[in-house]
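S.K.: Residue 103 in full-length UniProt numbering sits at position 103 of the sequence shown; the count goes up by one each step and never skips.
Because the hints were derived from the structure by calculation, they are not lab data.
One should not assume that every hint holds.
Unchecked claim - Restraint-style ranges between C-beta atoms, simulated for each label pair: (1) D99 with A33: 13 to 23 Å; (2) R172 with P51: 14 to 24 Å; (3) A123 with A176: 19 to 29 Å; (4) D10 with A49: 26 to 36 Å; (5) A44 with E148: 15 to 25 Å; (6) F59 with V166: 16 to 26 Å; (7) H126 with R104: 40 to 50 Å; (8) A115 with A141: 13 to 23 Å; (9) P180 with P137: 38 to 48 Å; (10) E148 with T70: 36 to 46 Å.
As the list claims (entries may be wrong) - With a straight-line cut-off of 20 Å between C-alpha atoms, the simulated DMTMM-like cross-links for lysine to aspartate or glutamate are: (11) K78 with D99; (12) K78 with E118; (13) K78 with D26; (14) K78 with D27; (15) K78 with D117; (16) K78 with D116.
Glycine included, each C-beta is placed from N, C-alpha and C at the ideal position.
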Amino acid sequence: MQPHAGTDLDPAGTITVLSSGNHALDDLMTLPAAAGLYAWWAAAEVFPALPGPAHPTDFGERLLYVGLATNLRRRIIKDHLRRSRSSTLRRTLAGLLLDTEHYRTRRTDRVVLVADDEIRLTAWMHAHLRLSWCPHPTPGAVEATVIEQWVPPLNVVHASGPTRAVVQAARRSYSASAGPHSTERDEPTSS
(Lines of atoms letter the chains of each structure in order from A; the text may use other names.)
(Lines give C-alpha, C1' and ligand atoms only; values in the text may rest on other atoms or scores of the structure.)
Protein backbone atom coordinates (compact mmCIF):
# COMPACT_ATOMS: atom_id res chain seq x y z
CA MET A 1 0.00 0.00 0.00
CA GLN A 2 1.51 3.32 -1.05
CA PRO A 3 0.43 6.69 0.33
CA HIS A 4 -2.28 8.20 -1.82
CA ALA A 5 -1.14 10.99 -4.13
CA GLY A 6 -1.21 14.28 -2.28
CA THR A 7 -1.62 12.65 1.14
CA ASP A 8 0.15 14.61 3.84
CA LEU A 9 2.37 12.39 5.93
CA ASP A 10 1.52 14.18 9.14
CA PRO A 11 -0.13 12.01 11.81
CA ALA A 12 -3.62 12.51 10.34
CA GLY A 13 -2.43 11.61 6.83
CA THR A 14 -0.61 8.57 8.18
CA ILE A 15 -3.76 7.41 9.98
CA THR A 16 -5.73 7.88 6.77
CA VAL A 17 -3.34 5.62 4.85
CA LEU A 18 -3.20 3.01 7.64
CA SER A 19 -7.02 3.01 7.68
CA SER A 20 -7.55 2.77 3.94
CA GLY A 21 -7.35 -1.01 3.78
CA ASN A 22 -5.65 -3.99 5.30
CA HIS A 23 -4.15 -7.18 4.00
CA ALA A 24 -4.31 -10.85 4.90
CA LEU A 25 -0.88 -12.05 5.97
CA ASP A 26 -0.57 -14.32 2.95
CA ASP A 27 -0.98 -11.21 0.76
CA LEU A 28 2.17 -9.22 1.54
CA MET A 29 3.71 -9.11 -1.94
CA THR A 30 3.31 -5.33 -2.10
CA LEU A 31 4.85 -4.73 1.33
CA PRO A 32 7.71 -2.32 0.54
CA ALA A 33 11.29 -2.42 1.77
CA ALA A 34 10.91 1.18 2.95
CA ALA A 35 10.64 3.00 6.26
CA GLY A 36 7.14 3.48 7.60
CA LEU A 37 4.45 2.60 10.09
CA TYR A 38 2.30 -0.51 10.21
CA ALA A 39 -0.94 -1.42 11.98
CA TRP A 40 -2.16 -4.86 13.09
CA TRP A 41 -5.92 -5.50 13.01
CA ALA A 42 -8.13 -8.36 14.23
CA ALA A 43 -11.80 -9.22 14.40
CA ALA A 44 -13.44 -7.80 17.52
CA GLU A 45 -13.99 -11.29 18.97
CA VAL A 46 -10.28 -12.22 18.86
CA PHE A 47 -9.46 -10.25 22.03
CA PRO A 48 -12.84 -9.04 23.32
CA ALA A 49 -11.29 -7.75 26.58
CA LEU A 50 -9.01 -5.45 24.57
CA PRO A 51 -11.28 -3.20 22.56
CA GLY A 52 -9.30 -1.17 20.06
CA PRO A 53 -10.69 1.40 17.69
CA ALA A 54 -12.83 0.02 14.88
CA HIS A 55 -11.51 0.04 11.34
CA PRO A 56 -13.24 2.93 9.54
CA THR A 57 -14.53 0.80 6.65
CA ASP A 58 -14.51 -2.74 8.08
CA PHE A 59 -16.33 -2.25 11.37
CA GLY A 60 -15.75 -5.86 12.43
CA GLU A 61 -11.99 -5.24 12.59
CA ARG A 62 -10.31 -3.61 15.60
CA LEU A 63 -6.87 -2.03 15.79
CA LEU A 64 -4.46 -3.93 18.02
CA TYR A 65 -1.00 -2.45 17.55
CA VAL A 66 0.93 0.24 15.67
CA GLY A 67 4.67 0.09 15.10
CA LEU A 68 7.40 1.65 13.04
CA ALA A 69 10.11 0.15 10.91
CA THR A 70 13.16 1.32 9.02
CA ASN A 71 12.31 -1.44 6.53
CA LEU A 72 8.66 -2.55 6.58
CA ARG A 73 9.21 -5.77 4.63
CA ARG A 74 12.07 -6.95 6.86
CA ARG A 75 10.35 -5.96 10.11
CA ILE A 76 7.08 -7.70 9.29
CA ILE A 77 8.32 -10.82 7.51
CA LYS A 78 11.58 -11.54 9.36
CA ASP A 79 10.60 -10.40 12.84
CA HIS A 80 6.85 -10.22 13.47
CA LEU A 81 6.04 -13.31 11.41
CA ARG A 82 9.02 -15.39 12.48
CA ARG A 83 10.77 -14.76 15.82
CA SER A 84 9.58 -13.82 19.29
CA ARG A 85 13.13 -12.83 20.21
CA SER A 86 12.94 -9.65 18.14
CA SER A 87 9.21 -8.87 18.32
CA THR A 88 7.47 -7.37 21.32
CA LEU A 89 4.23 -7.89 19.40
CA ARG A 90 4.82 -11.67 19.20
CA ARG A 91 5.77 -11.87 22.88
CA THR A 92 2.65 -9.90 23.82
CA LEU A 93 0.37 -12.05 21.65
CA ALA A 94 1.93 -15.21 23.11
CA GLY A 95 1.35 -13.84 26.63
CA LEU A 96 -2.29 -13.10 25.87
CA LEU A 97 -2.74 -16.59 24.39
CA LEU A 98 -0.77 -18.65 26.96
CA ASP A 99 -3.88 -20.03 28.65
CA THR A 100 -5.60 -21.10 25.43
CA GLU A 101 -2.69 -22.02 23.15
CA HIS A 102 -0.34 -23.41 25.84
CA TYR A 103 2.79 -21.99 24.23
CA ARG A 104 6.10 -23.20 25.62
CA THR A 105 9.01 -20.85 26.21
CA ARG A 106 12.69 -20.95 27.05
CA ARG A 107 15.28 -18.45 28.17
CA THR A 108 18.07 -17.09 26.02
CA ASP A 109 19.06 -13.50 26.70
CA ARG A 110 15.26 -13.06 26.91
CA VAL A 111 12.23 -15.34 26.98
CA VAL A 112 11.42 -16.81 23.55
CA LEU A 113 8.99 -19.38 22.24
CA VAL A 114 10.31 -22.86 21.48
CA ALA A 115 10.69 -23.47 17.73
CA ASP A 116 7.45 -25.47 17.29
CA ASP A 117 5.48 -22.77 19.07
CA GLU A 118 7.04 -20.00 16.97
CA ILE A 119 5.50 -21.84 14.00
CA ARG A 120 2.15 -22.22 15.80
CA LEU A 121 2.04 -18.52 16.73
CA THR A 122 2.79 -17.54 13.12
CA ALA A 123 -0.07 -19.79 11.97
CA TRP A 124 -2.36 -18.20 14.57
CA MET A 125 -1.37 -14.73 13.32
CA HIS A 126 -2.09 -15.73 9.70
CA ALA A 127 -5.52 -17.02 10.75
CA HIS A 128 -6.54 -14.08 12.97
CA LEU A 129 -4.67 -10.90 12.06
CA ARG A 130 -4.57 -8.45 9.18
CA LEU A 131 -2.01 -5.76 8.41
CA SER A 132 -1.91 -2.27 6.94
CA TRP A 133 1.11 -0.06 6.36
CA CYS A 134 2.14 3.42 5.36
CA PRO A 135 5.58 4.16 3.92
CA HIS A 136 6.94 7.25 5.67
CA PRO A 137 10.39 8.84 5.39
CA THR A 138 10.53 9.63 9.14
CA PRO A 139 8.10 7.32 10.94
CA GLY A 140 9.46 8.23 14.36
CA ALA A 141 8.26 11.79 13.82
CA VAL A 142 4.60 10.70 13.78
CA GLU A 143 4.49 7.37 15.64
CA ALA A 144 3.77 8.73 19.14
CA THR A 145 1.00 11.02 17.89
CA VAL A 146 -0.60 8.25 15.81
CA ILE A 147 -0.60 5.95 18.86
CA GLU A 148 -1.90 8.69 21.19
CA GLN A 149 -4.75 9.48 18.79
CA TRP A 150 -5.66 5.86 18.03
CA VAL A 151 -4.84 4.21 21.41
CA PRO A 152 -4.18 0.67 20.12
CA PRO A 153 -4.52 -1.70 23.09
CA LEU A 154 -1.24 -3.59 22.62
CA ASN A 155 0.93 -0.45 22.59
CA VAL A 156 1.90 0.36 26.15
CA VAL A 157 4.77 2.82 25.64
CA HIS A 158 2.72 5.68 24.20
CA ALA A 159 -0.77 4.44 25.02
CA SER A 160 -2.77 4.46 28.20
CA GLY A 161 -6.22 3.40 29.23
CA PRO A 162 -8.01 0.55 30.96
CA THR A 163 -6.44 -2.21 28.88
CA ARG A 164 -2.86 -1.25 29.71
CA ALA A 165 -2.86 -3.38 32.90
CA VAL A 166 -4.18 -6.43 30.97
CA VAL A 167 -1.40 -6.15 28.40
CA GLN A 168 1.28 -5.60 31.04
CA ALA A 169 0.01 -8.66 32.96
CA ALA A 170 0.17 -10.76 29.77
CA ARG A 171 3.75 -9.63 29.19
CA ARG A 172 4.66 -10.55 32.79
CA SER A 173 3.01 -13.98 32.40
CA TYR A 174 4.95 -14.59 29.21
CA SER A 175 8.23 -13.62 30.90
CA ALA A 176 7.47 -15.85 33.90
CA SER A 177 6.48 -18.81 31.70
CA ALA A 178 10.10 -19.83 31.15
CA GLY A 179 10.66 -20.26 34.88
CA PRO A 180 12.84 -18.30 37.27
CA HIS A 181 15.66 -16.21 35.88
CA SER A 182 18.84 -16.62 37.86
CA THR A 183 20.88 -13.47 38.23
CA GLU A 184 23.26 -15.00 40.74
CA ARG A 185 26.46 -16.62 39.61
CA ASP A 186 26.87 -20.25 40.43
CA GLU A 187 29.28 -20.49 43.29
CA PRO A 188 31.79 -23.29 43.22
CA THR A 189 31.07 -26.00 45.72
CA SER A 190 33.84 -27.32 47.88
CA SER A 191 34.28 -31.04 48.14
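S.K.: The structure should be examined with respect to each hint, and the outcome stated for every one.
M.R.: Quick rundown of the hints versus the structure:
1. Between D99 and A33 the Cβ separation comes to about 37 Å, which falls outside the hinted range of 13 to 23 Å.
2. Remark: the range hint 14 to 24 Å for R172 to P51 is upheld by a beta-carbon distance near 21 Å.
3. A beta carbon spacing of about 24 Å between A123 and A176 agrees with the range 19 to 29 Å that was offered as a hint.
4. Between D10 and A49 the Cβ separation comes to about 32 Å, which falls inside the hinted range of 26 to 36 Å.
5. Here the CB-CB span from A44 to E148 is close to 22 Å, well matched to the stated 15 to 25 Å.
6. Checked against the given bound of 16 to 26 Å, the beta carbons of F59 and V166, roughly 23 Å apart, stay inside it.
7. Distance hint check for H126 and R104: the Cβ-Cβ separation is about 20 Å, which falls outside the suggested range of 40 to 50 Å.
8. For A115 paired with A141, a C-beta distance near 37 Å fails the hint of 13 to 23 Å.
9. Checked against the hint of 38 to 48 Å, the pair P180 and P137 passes, with Cβ atoms roughly 45 Å apart.
10. Taking the beta carbon of each, E148 and T70 are about 22 Å apart, not inside 36 to 46 Å as hinted.
11. As the CA atoms of K78 and D99 are separated by approximately 26 Å, the hinted pair breaks the 20 Å bound.
12. Between K78 and E118 the CA atoms are separated by roughly 12 Å; this keeps the pair inside 20 Å, and the hint holds.
13. For the given pair, K78 sits about 14 Å from D26 by alpha-carbon distance, which is consistent with the 20 Å threshold.
14. The suggested pairing of K78 with D27 holds, with an alpha-carbon distance near 15 Å, which does not exceed 20 Å.
15. Proximity of K78 to D117 is assessed by CA-CA distance (about 16 Å); at most 20 Å being required, the pair is judged to hold.
16. A distance of roughly 17 Å separates the Cα atoms of K78 and D116; the hinted pair therefore holds under the 20 Å criterion.
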